[in-house]
Amino acid sequence: MNKTELIEKIANSANLSKADAKKALDATVDAIKAALVEGDKVQLIGFGTFSVNERPAREGINPATKEKITIAAKKVAKFKAGAELADAIK
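Residue 84 in UniProt numbering is what sits at position 84 of the sequence shown, and the numbering runs on without skipping anything.
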């Protein structure tokens, strides 16, 4: 499912126009993104938790040259499915 299809489902499910559903989805995504940038965790009971993990620097191998390289430390977004979502998928 892509963003357009998701907007259509939201509009149908919530009895909204597609424009309003798009605004709602964009606002939700922006709010989650802003919270993660600030280092906060976003917990949606029954759906899941969005959080930020820090990966330490590590050594890797360039597959083209087989040369050892250092991979820099970085922060990554993480999603952990909640119990209700995990049970629904089974």
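Hint data in this document are derived by calculation from the structure and do not stem from the laboratory.
Please read all numbers here as calculations on a predicted model, not as lab measurements.
Beta carbons: idealized from backbone N, C-alpha and C, even for Gly.
Careful: at least some of the hints might be erroneous.
[Said to hold, decoys possible] Distance condition first, Cα-Cα at most 30 Å in a straight line; then the derived DSS-like pairs of lysine-lysine:
hint : residue 1 : residue 2
1    : K22       : K3
2    : K68       : K23
3    : K18       : K74
4    : K74       : K9
5    : K18       : K66
6    : K23       : K33
7    : K22       : K9
8    : K75       : K33
9    : K9        : K33
10   : K68       : K41
11   : K68       : K33
12   : K33       : K66
13   : K9        : K23
14   : K23       : K66
15   : K9        : K41
16   : K68       : K3
17   : K75       : K18
18   : K66       : K41
19   : K80       : K3
20   : K3        : K66
21   : K33       : K22
22   : K80       : K66
[Said to hold, decoys possible] Label pairs and their in silico Cβ distance ranges:
hint : residue 1 : residue 2 : range
23   : L16       : G46       : 19 to 29 Å
24   : D30       : A73       : 18 to 28 Å
25   : A81       : V37       : 20 to 30 Å
26   : K66       : N2        : 31 to 41 Å
27   : A72       : V37       : 33 to 43 Å
28   : P56       : T4        : 30 to 40 Å
29   : N2        : V76       : 21 to 31 Å
Now for the hints, and whether the structure bears them out:
1. Between the alpha carbons of K22 and K3 the distance comes to roughly 9 Å, so the proposed pair stays at or under 30 Å and holds.
2. Of the pairs offered as hints, the one joining K68 and K23 is violated, with about 46 Å between alpha carbons and a cut-off of 30 Å exceeded.
3. Of the pairs offered as hints, the one joining K18 and K74 is violated, with about 37 Å between alpha carbons and a cut-off of 30 Å exceeded.
4. Only pairs whose Cα atoms come within 30 Å are accepted, and K74 paired with K9 is rejected, the gap being roughly 35 Å.
5. Pair hint K18 plus K66 does not hold up; C-alpha atoms about 51 Å apart against a cutoff of 30 Å.
6. Proximity of K23 to K33 is assessed by CA-CA distance (about 15 Å); at most 30 Å being required, the pair is judged to hold.
7. For the hint pairing K22 with K9, the CA-to-CA distance comes to about 11 Å; that is within 30 Å, so the pair holds.
8. Between K75 and K33 the CA atoms are separated by roughly 13 Å; this keeps the pair inside 30 Å, and the hint holds.
9. Restraint check for K9 and K33: the C-alpha separation of about 22 Å stays at or below 30 Å, so the hint holds.
10. About 35 Å separates the Cα atoms of K68 and K41, which puts this hinted pair outside 30 Å; it is violated.
11. Proposed proximity of K68 and K33 is contradicted: the alpha carbons are some 34 Å apart, above 30 Å.
12. Of the pairs offered as hints, the one joining K33 and K66 is violated, with about 37 Å between alpha carbons and a cut-off of 30 Å exceeded.
13. A threshold of 30 Å between alpha carbons decides the hint, and for K9 with K23 the separation of about 14 Å falls inside it, so the pair holds.
14. Taking the CA atoms of K23 and K66, the gap is near 48 Å; set against the 30 Å cutoff, the hint is violated.
15. A C-alpha spacing of about 26 Å is found between K9 and K41, which places the hinted pair at or below 30 Å, so the restraint holds.
16. Proximity of K68 to K3 is assessed by CA-CA distance (about 39 Å); at most 30 Å being required, the pair is judged violated.
17. Straight-line distance between C-alpha atoms of K75 and K18 comes to about 34 Å, which puts the hinted pair past the 30 Å bound.
18. The suggested pairing of K66 with K41 is violated, with an alpha-carbon distance near 38 Å, which exceeds 30 Å.
19. Between K80 and K3 the CA atoms are separated by roughly 21 Å; this keeps the pair inside 30 Å, and the hint holds.
20. Restraint check: the Cα-Cα separation between K3 and K66 comes to about 39 Å, which exceeds 30 Å; the hinted pair is violated.
21. Proximity of K33 to K22 is assessed by CA-CA distance (about 16 Å); at most 30 Å being required, the pair is judged to hold.
22. Pair hint K80 plus K66 does not hold up; C-alpha atoms about 34 Å apart against a cutoff of 30 Å.
23. In this structure, L16 and G46 meet the distance hint of 19 to 29 Å, their C-beta atoms being roughly 21 Å apart.
24. D30 and A73 have their C-beta atoms about 26 Å apart, which keeps the hinted 18 to 28 Å range intact.
25. At about 22 Å, the beta-carbon gap between A81 and V37 stays in the expected band of 20 to 30 Å.
26. Separation of K66 from N2 is about 38 Å and conforms to the stated range, judged on CB atoms against 31 to 41 Å.
27. One distance hint, 33 to 43 Å for the beta-carbon pair A72 and V37, is violated here, with the actual separation near 19 Å.
28. For P56 paired with T4, a C-beta distance near 38 Å keeps the hint of 30 to 40 Å intact.
29. Between N2 and V76 the beta carbons are some 23 Å apart, a value that agrees with the proposed interval 21 to 31 Å.
Violated hints for the displayed structure, listed by number in ascending order: 2, 3, 4, 5, 10, 11, 12, 14, 16, 17, 18, 20, 22 and 27.
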